[in-house]
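K.L.:
With the hints as extra help, turn the sequences into a complete structure.
Note that numbering that gives the first Met the number 0 has the sequence shown beginning at 0, numbered continuously upward.
The reader is advised that the hints may include incorrect statements.
[To be verified] Simulated restraints on C-beta separations: (1) Lys365 to Asp418: 12 to 22 Å; (2) Ala325 to Asp418: 28 to 38 Å; (3) Ser265 to Gly364: 39 to 49 Å; (4) Val38 to Thr346: 14 to 24 Å; (5) Pro411 to Gly252: 38 to 48 Å; (6) Ser344 to Val425: 36 to 46 Å; (7) Ala474 to Ser313: 47 to 57 Å; (8) Val38 to Thr406: 17 to 27 Å; (9) Gly77 to Pro411: 15 to 25 Å; (10) Asp259 to Val71: 22 to 32 Å.
Rather than coming from a laboratory, the hints here were simulated on the basis of the structure. For every residue, glycine included, the Cβ atom is placed at its ideal position computed from N, Cα and C.
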Amino acid sequence: MHFSKSFFTIAAAAFVAELAIASAIPVTEVGGQLVKRVVSPDETCGGSNGYTCGASNVGPCCSQYGWCGATVDHCGTGCQLAFGLRCGTGTSTTTSSTSTPPAPTRTPSPDETCGMVVGAGQPGMGYSCGASNAGPCCSQYGYCGSTSGHCGAGCQLAFGLSCDGNGSGTPTTTSTTTAPTPTNTNISTNGRCGPSQGNKICPNNECCSASGWCGSTTVYCQSPDCLLDFGRCDADATPAGADTSGVVRNYKGSVPYATDIYVCNSKGKVALTYDDGPYLYTSDLLDILASYNAKATFFVTGVNNGKGQIDDESTPYPAILRRMVAEGHQVASHTWSHADLSAVSETRRRAEMIKLEMAVRNVIGKFPTYMRPPYSSCNAACMQTMAALGYHVTYFDLDTQDYLHTTPALVPISLNVVDSFFGTGVTPANKDYLSIMHDIHYTSVHSVTIRLLDNMQRLGFQGVTVGECLNDPEANWYRV
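P.N.:
Shown next as structure tokens:
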């Protein structure tokens with residue numbers, strides 16, 4: 000199999016890459032209760048309030064003194080990765096460009112493409128669908144047409160004459176049959192972008208980083224850090240093939256849909272679950288699980304952390320997904336780009352789920368009915384979406400805290416946490432667990448997983464999938 004050069008570049012710098020990963024911080028156990036981290040409202044972070052630096056703050060890094068920012072003082076020595084989007088070299092104070100880019104223009108499409116992104120994330124030319132094209136609507140995938148697939152959900156009115164939703168092609172406006180040429184006077188001219196910069200948008204198909212800088216490399220474009228709507232982001236890519244939105248979604252089995260699931264229903268079993276992969280260490284994890292005769296559920300993401308699309312055959316990911324299924328593991332959804340499903344629009348929330356479905360379908364021929372919300376965040380609106388799409392919403396009651404302790408110096412904390420769940424009086428006759436770990440961290444795979452499996456083996460617990468721990472037949476885990 001051919002692996003892309005970019006993948007091996009990432010692999011050679013695995014530990015460095017981990018520093019740039021936006022940690023999946025689902026919840027932290029405090030006083031026996033699960034407490035979610037919240038984005039800082041006042042630029043403080045960590046410490047007693049436990050706030051996290053997010054996209055709305057002045058910078059993505061939480062300094063050793065508990066302040067959000069983007070300088071080397073925030074992102075360098077002492078940076079608290081558990082309370083921010085990243086740690087590493089601070090952002091430069093120099094701008095990338097001072098020249099004023101030409102005002103964008105729209106021209107009728109000569110090739111039936113439209114918009115700024117075409118198909119599976121290919122750059123578009125900004126063409127508009129007009130009277131001479133196959134239809135007046137520019138679909139969410141960047142093609143002109145007049146069907147409901149072009150004029151309905153995701154239709155881009157800025158690059159066409161209509162988005163009437165029913166495929167008739169009736170112009171959306173009644174005052175004119177020709178759409179005015181769109182202009183955007185909010186294009187960045189100094190390399191800065193996003194909410195903290197007057198909502199400036201990056202020019203030239205560049206991405207807007209979490210700290211508000213325009214650029215085109217992974218550090219700017221990787222999701223979920225990249226600021227959507229202020230430039231291109233990896234999350235904007237769409238997998239090839241048919242949209243899964245129209246698949247019939249009957250509820251199957253006795254496991255509830257669109258209801259919080261925190262616990263197993265099978266004494267003596269531990270549901271092993273892993274979020275955010277596949278990644279550099281997932282193949283190692285599959286080897287370890289096989290050596291213990293254990294099964295797991297993988298809540299996979301489609302394009303996060305700059306890893307590329309999981310259905311790209313030039314990467315190892317498709318083979319890893321197929322191996323998961325072949326070896327009896329369960330593939331489940333953790334969304335396309337690890338977006339906070341409570342913080343995005345209904346359109347984007349559905350896109351996060353549908354795009355992941357398409358990518359998984361492209362590899363294993365089916366897509367999941369189980370999901371875990373990124374950051375353990377799924378509000379009432381999110382739950383309505385999950386109900387409509389037919390998903391079991393899965394959380395956990397055994398938090399290894401592996402995402403907080405990803406260095407050799409800190410991992411013993413997670414090992415002690417794991418041990419605490421298998422103390423005096425715990426037996427397969429009276430206990431089961433639904434655990435959470437993350438296969439994007441070396442320590443999670445090679446230390447925390449092994450400690451958990453050793454404890455289970457010592458006491459006689461069985462490692463299983465979420466589906467099995469809920470007594471749900473494998474036929475119910477997927478749709479086709």
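K.L.:
All hints are to be evaluated individually against the structure, with a verdict given for each.
P.N.:
Hint-by-hint comparison with the structure:
The hint said 12 to 22 Å for the Cβ distance between Lys365 and Asp418, and at roughly 38 Å that hint is violated. Range check, Ala325 to Asp418: about 33 Å between beta-carbon atoms, so the 28 to 38 Å window is met. For Ser265 and Gly364, the hinted distance range of 39 to 49 Å is not satisfied, since their beta carbons lie about 28 Å from each other. In this structure the hint that Val38 and Thr346 lie 14 to 24 Å apart at CB holds, the actual value being about 22 Å.
For the hinted restraint 38 to 48 Å between Pro411 and Gly252, the CB-CB distance of approximately 40 Å keeps it satisfied. Look at Ser344 against Val425: about 44 Å separates their beta carbons, and that is inside 36 to 46 Å. Checked against the given bound of 47 to 57 Å, the beta carbons of Ala474 and Ser313, roughly 32 Å apart, lie outside it. A beta carbon spacing of about 24 Å between Val38 and Thr406 agrees with the range 17 to 27 Å that was offered as a hint.
For Gly77 and Pro411, the Cβ-Cβ distance of about 20 Å falls inside the hinted range of 15 to 25 Å, so the restraint holds. In this structure the supplied range 22 to 32 Å is violated for Asp259 paired with Val71, their Cβ-Cβ distance being about 41 Å.
Checked against the numbered hints above, the structure breaks hints 1, 3, 7, 10 and satisfies the rest.
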